[in-house]
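S.K.: Chains as they are written, first to last, in this note's numbering: chain A, 9 to 371; chain L, 101 to 489; chain V, 108 to 348.
Read the hints as simulated data drawn from the structure, not as lab findings. Incorrect hints may appear among the rest.
[Said to hold, decoys possible] Calculated pairs, DSBU-like style, for lysine-lysine (alpha carbon to alpha carbon, straight line, at most 30 angstroms): (1) V:K343 to V:K282; (2) A:K245 to V:K343; (3) V:K114 to A:K245; (4) V:K292 to V:K188; (5) V:K248 to V:K177; (6) V:K245 to V:K292; (7) A:K245 to V:K282; (8) V:K114 to V:K177; (9) V:K177 to V:K188; (10) V:K114 to V:K292; (11) V:K292 to A:K81; (12) V:K177 to A:K81; (13) V:K240 to V:K177; (14) V:K282 to V:K245; (15) V:K248 to V:K282; (16) V:K177 to V:K292; (17) V:K240 to V:K282; (18) V:K282 to V:K292; (19) V:K188 to V:K245; (20) V:K245 to A:K81; (21) A:K245 to V:K248.
[As the list claims (entries may be wrong)] Partial list, derived from the structure: chain L residues whose beta carbon lies under 8 angstroms from chain A: (22) V110; (23) D247; (24) T252; (25) I265; (26) W269; (27) L270; (28) V287.
For each residue, glycine too, the CB sits at the ideal point set by N, CA and C.
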Amino acid sequence: MAAIEREATTFQFRDWQRRFGNFATGAGLWLLIIAFVIGAFIWERDGLVTGTVVGSLFALGAIGITLIYGILKFGHFAHGDSMMLSAYLAFMFLTGNIAGETQRSDVELLPFSASDLPGATTKIWEFSFGYSLLVAMGLAAILMAGFLIALDHAVYGPLRRRHSGIVTFSIASLGLALIIRSLMLFIWGSGPRFYSPGIREATELPFDIRILYDQIFILAMALVLMAAVYLLLYRTKLGKAMRAMADNAELARVSGINTDRTVTWTWAIAGALVAVAGVMLGLQTQLRPELGFIVILPLFASAILGGVGSPHGALAGGLIIGIVQETSVTSGILDSGYKFSVAAIVLVMVLLIRPTGLFGVPR
Amino acid sequence: MKRVSVESLVPTACVVVVTALILGISFEQTGDPERTLRFYVSFLSVATVLAIFALALNLQWGYTGVFNFGVAAFFLIGAYTAAIVTKEPDRTDFEEYIGGYGPDLDVAPFLATDQWFPFLVAVLVSGTVCGVLAFLLSFPTLRLREDYLAITMIGVAELTRRIAIEEQWLVNGTRNLGNIPGPFQNVLDINDYRYVFLAVAISFLLLVFFALERSVRSPWGRVLRALREDEMAAEASGKNVRAYRTQAFVLGAVIMGAGGAMYAFGARAIAPETFTHYFATFIIWTMVIVGGSGNNKGALLGAYVVWGFWQSTLLIQSYDLPDVVQVRIPFIRDMLLGLLIVLALLFMPHGLLPERARVSVWAERAARRVRPPPAGPAPPSAEPQEDKA
Amino acid sequence: MTETNGKVRLIEATGIFAGYGEVDILHGVSAYVFEGEMVAIIGPNGAGKSTLLRTMFGLLNVRQGSIVLKGNDVTNFRPDKLVLHGLGYVPQVDNVFPTLTIMENLEMGGFVREHGMRDRLDHVFRLFPDLAKRPGDKAGKLSGGQRQMLALGRALMLDPDVLLLDEPSASLSPKMVEMIFDRIKAINEGGTGILLVEQNAREALSVCHRGYVLAMGQNRLEGEASSLLHNEEVGKLYLGA
């Protein structure tokens, strides 16, 4: 009898231990993050600014990944290359160019590009671009949405219908990533591209913060899109259907929700988000085909750190990864070559300490 | 005489087609049988080394279900370790690296130990280093869900490559680490080293193959496969799941390290850009999937066919094509490789040689001695019950 | 409409062969529900009771046999189409959306509704006043009984003619079981036909009009619930008498 009583209390203690442990790791992680951000503000303000900007576009990409994880139940390893492809598509709509015979000589593919629109190249406010970039971005978003939907019809859909495992999806998406990357190299060549060569104006904000006007645009764009995603997921029927599918796809079917259509919409939204993220990345740094694969690490790290399936998680995770990444380089702790490896290190730590992430629900 | 089925024709056909392509196109290009043979030997050598990786990955994934997407890490470490063990210590300004124990390992010159001993040691050290790394990695990673493990291993591989690039003092950074000696390099003329190496590589491959075939049929191997099929059931039977997975992961890594060493001896010069994700991880995965995962023979077949496919595409480059296309051929080749694996997953998910249940060596031998029982009458079909409404 | 003695058969499954993968679980099972009826399906574990419901709801392929809903052949129709024809289904487990609120769960139930959502919600809240207390609560945080109520409510949002219920009393306390069956009876009295699968045979037969006994994927017995309750064989095998 005593033995059973002891068992019971051990079990209760273990349960309490588990729940406390959960709370502790979550709280601990948050404290660590807040301390880090404060430290960055004090010592590495430039890194903090760049990190926030970079982090916001990581967040845009990570939301797509987390949506796909939640609704389609697999990690979309082709997301980074999709991001880069969108950037290149926007470049093409902007300039009409693809790579020519040599590295230097671009060939005009499109007879008419966004830059040919009246007044499109006049710089908006103090940004380095005119509304031609926005037009190009919009076109890229539409094309990308269509592209991802097509991929789903051709590859992921058939695999789903065959009840393939996570592994098959992972490898298939990696194969598609390779195809996308070689496509980019094929069409635009391996040299770096820029949306607008030339100087970018900067400004000073209070607290000695220096920021480029373009970066303000990126932050604003990311905020707007994030808000749009929230409104979609929590206020619209489609968004609720998406969340329902993420919870329980079969029950969603049972309730009469057209799951195929919801999946198509998920890809469309992911495509639009990835397009904007890609253009922002190109604006912030440059366009290079290899970036597509490299950026997968921070994207997944952001989604997992935030808690897979949670949109606020993707936002938080993206910002944190961006800040940690940039500050570790500007502070000189790490050489710049290691920049993207930082995400890998953070990822391993998160998976060690709290695999469900910041906002994820531990099962 | 066994009846030949369509399924067994396809793998053979692939091998024949690939071989014909390699030989045919290279002969057409050079017109010289000797150069064609040399090309084929080089091709076969690389295929052999990659086959070693395919076997190791098959052990980790095909048999045990460990989704290792960081093969490149072990490839890189194995190759570089072998290089710094067998090379002479760095003296020139052109190369900067640690280690260099080649001359120290010439322990018994009268036995010509400089021809084989350092390489043996290098293979063992490479294997051990990779094994230890895998063991350390296993603690945080093996309990992860497959795709989390995949992205983690991708991160590990990229990090390893980054370290090799950034730390110039370690293994010469982005520059080539050359002049790696090769086993038995003085046996034949230096131009004919490729034949020697091929012999060494194939011997090693066969050694690994038979060792793995045996262990897979053993009680240990059976537990691994039970793990892959149903982890909970295996756990319920009292097997320590973590321990077995770690063992398979570590053993696979050891083999990969040895394979990396082999690669270094074959290539004689290595650089971090060789060990990218797509060349050193993804292509091995393609081999395992195309060949048939869960199947050692499939891994070998996959290595030959996929590497043959890849090299065939290279030969197209030597044709006289307009510059516009010429410059883009590497990208077309990459696209074809990606297409290959996607199509394989869609249409041939079990690979060319699907896995057949292999229970035990003893049982198979026993089955071969006993004739199959004669076919009996068909079992009674289930009749629907009368509706008792 | 299929009629027998002037009564309309709402749903009728005839000679169903179905299963998972290569193996058939159901070998020619038949069952039907009259208008206004509550029918129970009982039997030992593995008899195929849940499989029958899933097949009737289009979650499994019918290899042989037919399903007729209000006179229309709906064999192998997809669930999202069956729902439009007036069929509802509540699975045994995973029958709510845990991260969605009570209100959102019900909204999902009524997803394909074009109008009348407000009225329907009122109806459900009247049936299950507990749910109306805090509709913003996440479904995952509800107790077992509340969750079951929500699951039923979700299925009711489209005002189905027939409801298929898979073990509604599973893992509920005896008091909750009584409450749930009471609510199900109320739903039935409101005009919805009920076909329920139950492990708790005694409780099920005491509230239902008719019952089927299934075993090994085949019909074994059928009849008025009261006669099944008093049947010796049934009593020994399934009622734990």
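S.K.: Could you run down the list of hints and mark each one as holding or not?
M.R.: Hints versus structure:
no.: 1; hint: V:K343 to V:K282; verdict: holds, 25 angstroms
no.: 2; hint: A:K245 to V:K343; verdict: violated, 51 angstroms
no.: 3; hint: V:K114 to A:K245; verdict: violated, 40 angstroms
no.: 4; hint: V:K292 to V:K188; verdict: holds, 26 angstroms
no.: 5; hint: V:K248 to V:K177; verdict: violated, 38 angstroms
no.: 6; hint: V:K245 to V:K292; verdict: holds, 27 angstroms
no.: 7; hint: A:K245 to V:K282; verdict: violated, 36 angstroms
no.: 8; hint: V:K114 to V:K177; verdict: holds, 12 angstroms
no.: 9; hint: V:K177 to V:K188; verdict: holds, 14 angstroms
no.: 10; hint: V:K114 to V:K292; verdict: holds, 20 angstroms
no.: 11; hint: V:K292 to A:K81; verdict: violated, 39 angstroms
no.: 12; hint: V:K177 to A:K81; verdict: violated, 37 angstroms
no.: 13; hint: V:K240 to V:K177; verdict: violated, 36 angstroms
no.: 14; hint: V:K282 to V:K245; verdict: holds, 24 angstroms
no.: 15; hint: V:K248 to V:K282; verdict: holds, 20 angstroms
no.: 16; hint: V:K177 to V:K292; verdict: holds, 21 angstroms
no.: 17; hint: V:K240 to V:K282; verdict: holds, 20 angstroms
no.: 18; hint: V:K282 to V:K292; verdict: holds, 16 angstroms
no.: 19; hint: V:K188 to V:K245; verdict: holds, 28 angstroms
no.: 20; hint: V:K245 to A:K81; verdict: holds, 22 angstroms
no.: 21; hint: A:K245 to V:K248; verdict: holds, 23 angstroms
no.: 22; hint: V110; verdict: violated, 20 angstroms
no.: 23; hint: D247; verdict: holds, 4 angstroms
no.: 24; hint: T252; verdict: holds, 6 angstroms
no.: 25; hint: I265; verdict: holds, 6 angstroms
no.: 26; hint: W269; verdict: violated, 13 angstroms
no.: 27; hint: L270; verdict: violated, 13 angstroms
no.: 28; hint: V287; verdict: violated, 40 angstroms
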